[in-house]
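Protein chains in written order, with numbering that gives the first Met the number 0: chain A, 0 to 283; chain B, 0 to 275.
Each hint should be verified, as a subset may be incorrect.
For the chain A half of the interface with chain B, some residues (derived, Cβ under 10 Å), not all of them [to be verified]:
| hint | residue |
| --- | --- |
| 1 | I9 |
| 2 | L24 |
| 3 | T109 |
| 4 | Y115 |
Pairs of lysine to any residue residues, derived as SDA-like cross-links and limited to a Cα-Cα distance of at most 20 Å, are as follows [stated by the list, open to error]:
| hint | chain 1 | residue 1 | chain 2 | residue 2 |
| --- | --- | --- | --- | --- |
| 5 | B | K12 | A | E178 |
| 6 | A | K139 | A | S122 |
| 7 | A | K273 | A | L199 |
| 8 | B | K12 | A | S187 |
| 9 | A | K246 | B | A139 |
| 10 | B | K12 | A | V78 |
| 11 | B | K12 | A | K139 |
| 12 | B | K12 | A | R188 |
| 13 | A | K246 | A | L52 |
| 14 | A | K246 | A | T51 |
| 15 | B | K12 | A | K246 |
| 16 | A | K67 | A | Y85 |
| 17 | B | K12 | A | R91 |
| 18 | A | K246 | A | R89 |
| 19 | A | K67 | A | V259 |
| 20 | A | K246 | A | L27 |
| 21 | B | K100 | A | I143 |
| 22 | B | K12 | A | R89 |
| 23 | B | K12 | A | A95 |
| 24 | A | K67 | A | I143 |
| 25 | A | K246 | B | P222 |
| 26 | B | K100 | A | R89 |
| 27 | B | K100 | A | D5 |
| 28 | B | K12 | A | V175 |
| 29 | B | K12 | A | M98 |
| 30 | B | K12 | A | A88 |
Rather than coming from a laboratory, the hints here were simulated on the basis of the structure. The beta-carbon is built from N, C-alpha and C at its ideal position, and this holds for glycine as well.
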Amino acid sequence: MNIRWDYLLIPAFVVSFVLLAASQLTFLRGSLSTDLGLGMLSPTIGTANYETLFTDEFYLRSLWLTIKVSAIATICTLVMSFPVAYVIARMRSRWAMVMLAGVVVSSFVTIVIKVYGLIVIFSAEGGLNALLMSIGLLDKPYTIIGNVPGVVVGLMQFTMGFGVLLLYGVVRTIPVSLEEAATIHGASRARVFWRVVLPLSLPGVIVGSLMMFNLCMGAFTSASLLGGGRVFTLPVLIQRSVIIETKYGMGATLAAVLLVSVIIINLVSVFLVKRLRAARLVIA
Amino acid sequence: MSVKRPSIGSLAKLLWVGWAYLFLLAPMIVVIGSSLDGTKAYTGVVFPPHDLTLQWYKQIPATHFRALGLSLGLALSVAFGACLLGIPAALAMVRGTLPGKSFFLAFFRAPMQIPAVVTGVAFLRLYYVVGDATGLFLNATFAGLYLGHLFVATPYVIGTVVAVLQRFNLRLEEAAFSMGASPWRTFRRVTLPTIMPGVHAGALYAFMVSFSDVPIAMFLTAPGFVTYPVELFFGIETDFSPSVLASASLVILLALVALLLVQRVIGLDTVVHTRR
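Modelling step: build the complete structure from the supplied sequences, incorporating the hints.
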């Protein structure tokens with residue numbers, strides 16, 4: 000058929016390219032201007048913001064905290080969602096649909112609502128603390144509001160629905176017959192998992208983890224609301240400097256550092272996966 | 000097929016899955032539960048609820064309904080726009096003879112990899128610069144918010160449609176074409192129906208991305224013009240009252256209704272299976 004499909008690419012490419020290039024260039028240019036107060040930016044270009052950022056331990060610690068919290072949340076979500084995804088993918092009853100529905104509803108609902116729920120659950124005078132104290136597991140109320148575990152739990156809530164759906168897709172690509180073959184030849188359940196399921200799903204799991212990690216790096220709802228103004232990840236600092244302090248220059252600089260960190264981490268991971276593949280540690 | 004035998008392993012699996020679901024669903028259940036509580040109105044929220052009441056539902060602030068209306072309208076039009084841009088682009092990349100297809104695929108994935116806060120800040124900055132130059136300020140306008148969401152939502156449609164197209168049998172089109180169907184008729188009667196699952200899934204993701212977004216909308220809205228998640232975000236700091244929980248519960252119920260609708264009209268399995 001001699002239809003010129005190529006032309007169809009033009010509208011999407013033009014829109015995406017213009018939005019991408021214009022937004023990224025203007026904000027990177029803004030990151031080179033110092034703040035003059037009241038939201039005004041200096042017309043001259045300089046690296047003053049970057050110098051402040053890389054010499055102030057506060058900002059560096061915040062960058063490290065962002066990466067750490069995102070990585071922990073990604074790993075926890077992965078460990079929690081993989082068995083769920085596996086069980087649903089291998090189910091043959093109608094319950095599989097019901098279980099999937101539960102996951103989809105969770106990803107329909109905005110994270111802010113789930114954070115409300117977490118605050119109610121973990122509030123000091125809430126039902127959970129009352130229960131744990133009455134059976135003697137705790138002697139004083141435990142709360143995750145205003146500390147790092149709280150932020151991790153919030154990020155897990157944010158990515159888990161997405162994670163289960165993604166891993167479900169990965170497990171579905173592994174033929175059951177391979178597992179059955181291994182079982183018939185005498186492999187135990189655990190051995191089937193470690194030698195068949197895990198290696199075959201690893202490429203998909205790595206891609207999925209990166210996507211979850213990227214989501215965590217850009218999310219500030221959980222950190223802002225569950226951090227209770229005490230956990231300063233980079234997204235929280237960016238929101239504060241832009242919205243509360245109207246320091247657009249510094250906000251842009253922080254955003255640029257966040258962006259570059261995410262790009263570097265993604266590139267390094269892709270490179271590592273390629274090396275693993277070359278060393279035949281990963282089948283793909 | 001393996002023989003069913005209950006073992007410690009399967010019990011552990013059951014417990015693990017149960018725990019994961021508790022983790023996933025508890026916050027939403029707690030929100031609905033505590034919105035029904037009729038006691039201790041002033042000291043904040045109570046779960047499990049004591050006196051069941053619907054009084055908080057009557058006190059949902061009008062701003063919440065306005066914000067919800069904006070969010071729904073925005074998400075629907077973003078999903079529509081993302082399809083309008085995404086479907087042709089996906090067709091071009093799978094069918095076209097363009098060199099460097101992998102470059103374009105990677106290019107269209109870029110908005111998904113940029114951290115959402117960065118996208119928000121970048122668009123705000125862009126709107127200021129454009130506004131200073133032309134006098135047309137897009138921040139805190141529907142158009143400005145729309146462009147920001149369209150930017151991040153379009154890749155989802157492209158992704159799902161490309162995934163469906165790659166599995167598509169070209170012979171079907173050739174057959175229709177050789178039987179004398181016009182290119183447009185072939186597209187409308189053969190190609191479009193087969194890529195529909197991908198379109199549905201992509202549109203749904205685009206809708207969800209826009210409807211639940213906080214980090215981008217945070218920068219592109221203003222008091223009096225806010226999306227629902229942003230309204231709730233500020234509500235948590237200013238008035239953590241049961242009426243806010245009631246409004247959140249309504250949205251959870253809305254999500255359930257949407258899910259039933261999706262299951263009826265498209266089928267949940269199509270949506271989940273066309274994820275790339």
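Now the hints, each set against the structure:
1. I9: holds, 8 Å
2. L24: Holds: closest Cβ of chain B sits about 9 Å from A/L24, inside 10 Å.
3. T109: holds, 4 Å
4. Y115: holds, 5 Å
5. B/K12 with A/E178: At roughly 17 Å apart (the allowed maximum being 20 Å), A/E178 and B/K12 satisfy the hint.
6. A/K139 with A/S122: holds, 12 Å
7. A/K273 with A/L199: holds, 15 Å
8. B/K12 with A/S187: holds, 15 Å
9. A/K246 with B/A139: Status holds; Cα separation ~18 Å.
10. B/K12 with A/V78: With Cα atoms ~12 Å apart, B/K12 and A/V78 stay inside 20 Å; holds.
11. B/K12 with A/K139: Given that 20 Å is the threshold and the Cα spacing comes to 32 Å, the pair is violated.
12. B/K12 with A/R188: holds, 12 Å
13. A/K246 with A/L52: holds, 14 Å
14. A/K246 with A/T51: holds, 14 Å
15. B/K12 with A/K246: Violated: B/K12 and A/K246 sit about 50 Å apart, past 20 Å.
16. A/K67 with A/Y85: Distance ~27 Å between A/K67 and A/Y85 Cα, so the pair is violated.
17. B/K12 with A/R91: Within the cut-off at roughly 16 Å; holds.
18. A/K246 with A/R89: The hint is violated at about 52 Å.
19. A/K67 with A/V259: holds, 16 Å
20. A/K246 with A/L27: holds, 14 Å
21. B/K100 with A/I143: At roughly 47 Å apart (the allowed maximum being 20 Å), A/I143 and B/K100 break the hint.
22. B/K12 with A/R89: holds, 13 Å
23. B/K12 with A/A95: Holds. B/K12 to A/A95 sits at ~15 Å (cutoff 20 Å).
24. A/K67 with A/I143: holds, 17 Å
25. A/K246 with B/P222: Measuring from Cα to Cα gives roughly 19 Å; hence the hint holds.
26. B/K100 with A/R89: violated, 35 Å
27. B/K100 with A/D5: Within the cut-off at roughly 11 Å; holds.
28. B/K12 with A/V175: Status holds; Cα separation ~18 Å.
29. B/K12 with A/M98: The hint holds at about 15 Å.
30. B/K12 with A/A88: Holds - the C-alpha atoms of A/A88 and B/K12 are around 14 Å apart, at most 20 Å.
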